[in-house]
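**Q** Sequence:
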Amino acid sequence: RDLITCQAGNGNPGSTWLIVKEALLKNRPIKITDTTLRDGNQSLWLARLRTEDILPILPKMDQIGFSSIEVWGGAIFDACLTFLKEDPWQRLRAIKERVPKTPLQMLLRGQNLVGYRHYSDDVVHKFVKLAAKNGIDIFRIFDPLNDVRNFRTAIEAAKEAGAHVQGAVVYTISPVHTLEHYLEIAHQLVDMGIDSLCIKDRTALLSPSRTHSLIQELKKNFSLPLQLH
Numbered sequence: 065r066d067l068i069t070c071q072a073g074n075g076n077p078g079s080t081w082l083i084v085k086e087a088l089l090k091n092r093p094i095k096i097t098d099t100t101l102r103d104g105n106q107s108l109w110l111a112r113l114r115t116e117d118i119l120p121i122l123p124k125m126d127q128i129g130f131s132s133i134e135v136w137g138g139a140i141f142d143a144c145l146t147f148l149k150e151d152p153w154q155r156l157r158a159i160k161e162r163v164p165k166t167p168l169q170m171l172l173r174g175q176n177l178v179g180y181r182h183y184s185d186d187v188v189h190k191f192v193k194l195a196a197k198n199g200i201d202i203f204r205i206f207d208p209l210n211d212v213r214n215f216r217t218a219i220e221a222a223k224e225a226g227a228h229v230q231g232a233v234v235y236t237i238s239p240v241h242t243l244e245h246y247l248e249i250a251h252q253l254v255d256m257g258i259d260s261l262c263i264k265d266r267t268a269l270l271s272p273s274r275t276h277s278l279i280q281e282l283k284k285n286f287s288l289p290l291q292l293h
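Going left to right, the sequence shown walks through residues 65 to 293 as our numbering numbers them.
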């Protein structure tokens with residue numbers, strides 16, 4: 065099954081809608097991950113939405129039928145502490161109370177967790193364990209340089225916690241970022257035991273033709289669920 069993180073598409077070439085339309089015509093089920101409260105909040109509001117702003121809408125979001133809702137990680141943890149003077153752990157618990165049905169997802173920066181430097185392995189294990197205990201069901205783990213060494217401990221910790229582990233490969237364009245490069249990174253992540261794979265196109269560089277080539281090869285080589293962000 066394909067999992068696609070959908071943003072508003074307008075039907076123009078290159079929009080997410082074309083991918084969705086093709087899948088629907090072929091009767092392939094598509095699951096949707098909502099990233100409004102994490103990525104939307106971070107990208108458009110500098111992660112300044114307060115917990116009290118978020119809580120009222122959560123019961124309705126839980127009834128929509130999303131595959132998952134990304135609510136934590138990225139810059140959210142830092143913004144809660146630095147700018148909002150809130151407890152990010154309390155926010156997570158409050159969200160979980162109001163979203164009992166839909167799996168909650170977080171974005172984890174590998175060995176950097178939710179910070180801006182590498183942390184020791186024991187800190188990574190403890191943080192991931194507590195994140196799972198407080199409500200995170202799916203860990204989307206990435207490294208901005210696709211350095212797989214920074215995935216290993218976080219993947220191990222998430223699996224030990226019994227969570228779903230999604231390995232995210234950051235997409236960009238350069239002489240070294242070839243199709244073979246992405247396949248090799250994906251192979252290494254699969255060997256580490258991830259449960260699903262995500263292509264993280266955070267700068268919107270995937271054209272329809274590049275999308276076709278990349279997804280085709282990934283589906284040919286791996287049977288894991290695939291998500292496009």
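Honestly, the hints are just simulated from the structure, not real lab data.
The structure presented is a predicted model; accordingly, all values stated were derived computationally and were not measured.
Any given hint could be a false lead.
Here are the simulated distance ranges between beta carbons [unchecked claim]: (1) R92 with I128: 18 to 28 Å; (2) H276 with D151: 13 to 23 Å; (3) D255 with D151: 13 to 23 Å; (4) T236 with K284: 19 to 29 Å; (5) K284 with P120: 29 to 39 Å; (6) L243 with P289: 35 to 45 Å; (7) R213 with K193: 37 to 47 Å; (8) E248 with R162: 22 to 32 Å; (9) N285 with G179: 17 to 27 Å; (10) L194 with L148: 29 to 39 Å; (11) D255 with S277: 35 to 45 Å.
30 Å max Cα-Cα, derived DSBU-like pairs, lysine-lysine [said to hold, decoys possible]: (12) K190 with K165; (13) K160 with K149; (14) K264 with K284; (15) K165 with K197; (16) K95 with K197; (17) K95 with K284; (18) K284 with K197; (19) K149 with K284; (20) K160 with K95; (21) K284 with K124; (22) K165 with K149; (23) K284 with K160; (24) K95 with K264; (25) K284 with K223; (26) K90 with K197; (27) K124 with K149; (28) K223 with K90; (29) K193 with K160; (30) K264 with K283; (31) K90 with K160; (32) K165 with K193.
C-beta: ideal position from N, C-alpha, C; glycine also.
**Q** It remains to establish, for every hint, whether it holds in the given structure.
**A** Going through the hints against the structure:
1. A beta carbon spacing of about 20 Å between R92 and I128 agrees with the range 18 to 28 Å that was offered as a hint.
2. Checking the proposed 13 to 23 Å range against H276 and D151 shows it is violated: the Cβ atoms sit about 45 Å from each other.
3. A hinted range of 13 to 23 Å is violated for the C-beta pair D255 and D151, which are about 37 Å apart.
4. At about 22 Å, the beta-carbon gap between T236 and K284 stays in the expected band of 19 to 29 Å.
5. Distance hint check: the CB atoms of K284 and P120 are about 45 Å apart, inconsistent with the given range 29 to 39 Å.
6. With their beta carbons about 20 Å apart, L243 and P289 fall outside the hinted range of 35 to 45 Å.
7. The hinted window of 37 to 47 Å between R213 and K193 is violated, with their beta carbons roughly 21 Å apart.
8. Remark: the range hint 22 to 32 Å for E248 to R162 is contradicted by a beta-carbon distance near 41 Å.
9. For N285 and G179, the hinted distance range of 17 to 27 Å is not satisfied, since their beta carbons lie about 33 Å from each other.
10. Under the hint 29 to 39 Å, the C-beta atoms of L194 and L148, about 20 Å apart, miss the expected range.
11. In this structure, D255 and S277 break the distance hint of 35 to 45 Å, their C-beta atoms being roughly 23 Å apart.
12. As the CA atoms of K190 and K165 are separated by approximately 25 Å, the hinted pair is consistent with the 30 Å bound.
13. With a C-alpha separation of about 20 Å, the suggested pair K160 and K149 falls inside the 30 Å cut-off, and the hint holds.
14. As the CA atoms of K264 and K284 are separated by approximately 19 Å, the hinted pair is consistent with the 30 Å bound.
15. Of the supplied pair hints, the one linking K165 and K197 holds, its CA atoms being roughly 16 Å apart against a limit of 30 Å.
16. Under the criterion of a C-alpha separation no larger than 30 Å, the hint pairing K95 with K197 is consistent with the structure, at around 25 Å.
17. Distance hint between K95 and K284 is fulfilled; the C-alpha atoms sit about 20 Å from each other, no more than 30 Å.
18. A C-alpha spacing of about 36 Å is found between K284 and K197, which places the hinted pair above 30 Å, so the restraint is violated.
19. As the CA atoms of K149 and K284 are separated by approximately 47 Å, the hinted pair breaks the 30 Å bound.
20. Between K160 and K95 the CA atoms are separated by roughly 21 Å; this keeps the pair inside 30 Å, and the hint holds.
21. For the given pair, K284 sits about 37 Å from K124 by alpha-carbon distance, which is inconsistent with the 30 Å threshold.
22. Restraint check: the Cα-Cα separation between K165 and K149 comes to about 29 Å, which is no more than 30 Å; the hinted pair holds.
23. For the proposed pair K284 and K160, the alpha carbon gap of about 36 Å is over 30 Å, so the pair is violated.
24. Taking the CA atoms of K95 and K264, the gap is about 16 Å. The hint holds against a cut of 30 Å.
25. Between K284 and K223 the CA atoms are separated by roughly 25 Å; this keeps the pair inside 30 Å, and the hint holds.
26. With a C-alpha separation of about 39 Å, the suggested pair K90 and K197 falls outside the 30 Å cut-off, and the hint is violated.
27. Among the hinted pairs, K124 with K149 is consistent with the structure: their alpha-carbon atoms are about 27 Å apart, no more than 30 Å.
28. Only pairs whose Cα atoms come within 30 Å are accepted, and K223 paired with K90 is rejected, the gap being roughly 34 Å.
29. For the given pair, K193 sits about 16 Å from K160 by alpha-carbon distance, which is consistent with the 30 Å threshold.
30. At most 30 Å may separate the alpha-carbon atoms for a hinted pair to count; K264 and K283 meet this at roughly 16 Å.
31. For the hint linking K90 to K160, the alpha-carbon distance of about 35 Å lies beyond 30 Å, and the restraint is violated.
32. The suggested pairing of K165 with K193 holds, with an alpha-carbon distance near 21 Å, which does not exceed 30 Å.
Consistency with the previously given hints fails for numbers 2, 3, 5, 6, 7, 8, 9, 10, 11, 18, 19, 21, 23, 26, 28 and 31, ordered from lowest to highest.
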